[in-house]
Amino acid sequence: MTVVKIKYLSHACFEISNGKTILIDPYFTGNSLAPRYEGKPDIILVTHEHFDHFDKAFIDRYPGAKVVVPPVCDYPGAIVMRVGDKREIDGVEVEMIPASHHQSKYPTGYIIGFEGKRIAHLGDCYLDGVKPLADIDVLLIPIGGTYTMNIDEALKALDIIRPKLAIPMHYDTFPQIKADPEEFRRRAEAKGYKVRVLKIGEEVTV
Numbered sequence: 529m530t531v532v533k534i535k536y537l538s539h540a541c542f543e544i545s546n547g548k549t550i551l552i553d554p555y556f557t558g559n560s561l562a563p564r565y566e567g568k569p570d571i572i573l574v575t576h577e578h579f580d581h582f583d584k585a586f587i588d589r590y591p592g593a594k595v596v597v598p599p600v601c602d603y604p605g606a607i608v609m610r611v612g613d614k615r616e617i618d619g620v621e622v623e624m625i626p627a628s629h630h631q632s633k634y635p636t637g638y639i640i641g642f643e644g645k646r647i648a649h650l651g652d653c654y655l656d657g658v659k660p661l662a663d664i665d666v667l668l669i670p671i672g673g674t675y676t677m678n679i680d681e682a683l684k685a686l687d688i689i690r691p692k693l694a695i696p697m698h699y700d701t702f703p704q705i706k707a708d709p710e711e712f713r714r715r716a717e718a719k720g721y722k723v724r725v726l727k728i729g730e731e732v733t734v
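According to my numbering, the sequence shown is numbered sequentially starting from 529.
Check each hint, because a few of them may be wrong.
Unchecked claim - With beta-carbon atoms standing in for the labels, derived distance ranges:
no.	residue 1	residue 2	range
1	692	630	26 to 32 Å
2	663	733	29 to 35 Å
3	680	659	27 to 33 Å
4	633	711	31 to 37 Å
5	592	700	19 to 25 Å
6	607	733	26 to 32 Å
7	630	720	19 to 25 Å
Said to hold, decoys possible - No more than 30 Å apart at the CA atoms, straight line, and that leaves these computed lysine-lysine pairs for BS3-like:
no.	residue 1	residue 2
8	645	614
9	659	548
10	568	719
11	584	594
Bear in mind the hints are in silico, worked out from the structure with no lab data behind them. By construction, the Cβ of each residue, glycine as well, lies at the ideal position given by its N, Cα and C atoms.
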């Protein structure tokens, strides 16, 4: 059985590994909550152009990584994908999906496939951008409000996507996105969903 490790690195950043190491939405520069990163990413995925998702200075430290960006992100040598594109990168299936985030010129999310396991990262997304996604094993979902869904809306998003496991993200980094992930967990579990709240630096195996 395929085993995938998912580590939460604060805000919307996760490290996902199974032989290959994927980093999504790095935000380490100027982020006092971010842990010291000691990994070596093979692939770095960026959902949109904002500094708290597209840390160029951090990405520069890993010239061997394959960097995937939407068209609004300018990075030398990056693989540019558009919504709806699917690519196999170093044996990992990467699909770019739409998001709704009016502060961005081209907001996106990703579905990552590891030998049958499907992990969806919604990026910065409001509820009106959430669409049904088939067979999602793990959903990385924003709950902080203001720039994304809030907890009430994220609960509705679970009803649309129906993942096997949900992990909340994009909360408490700034005062504008303060939210209680335990409230999200309790309310989601009351609806029959499985939720794991990860502390910064904590990982889960799925």
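Against the structure, the hints come out as follows:
no.: 1; hint: 692 with 630: 26 to 32 Å; result: holds, 30 Å
no.: 2; hint: 663 with 733: 29 to 35 Å; result: violated, 19 Å
no.: 3; hint: 680 with 659: 27 to 33 Å; result: violated, 19 Å
no.: 4; hint: 633 with 711: 31 to 37 Å; result: holds, 32 Å
no.: 5; hint: 592 with 700: 19 to 25 Å; result: violated, 32 Å
no.: 6; hint: 607 with 733: 26 to 32 Å; result: holds, 28 Å
no.: 7; hint: 630 with 720: 19 to 25 Å; result: violated, 32 Å
no.: 8; hint: 645 with 614; result: holds, 16 Å
no.: 9; hint: 659 with 548; result: holds, 28 Å
no.: 10; hint: 568 with 719; result: violated, 38 Å
no.: 11; hint: 584 with 594; result: holds, 13 Å
Hints 2, 3, 5, 7, 10, counting from the list given before, are not met by this structure.
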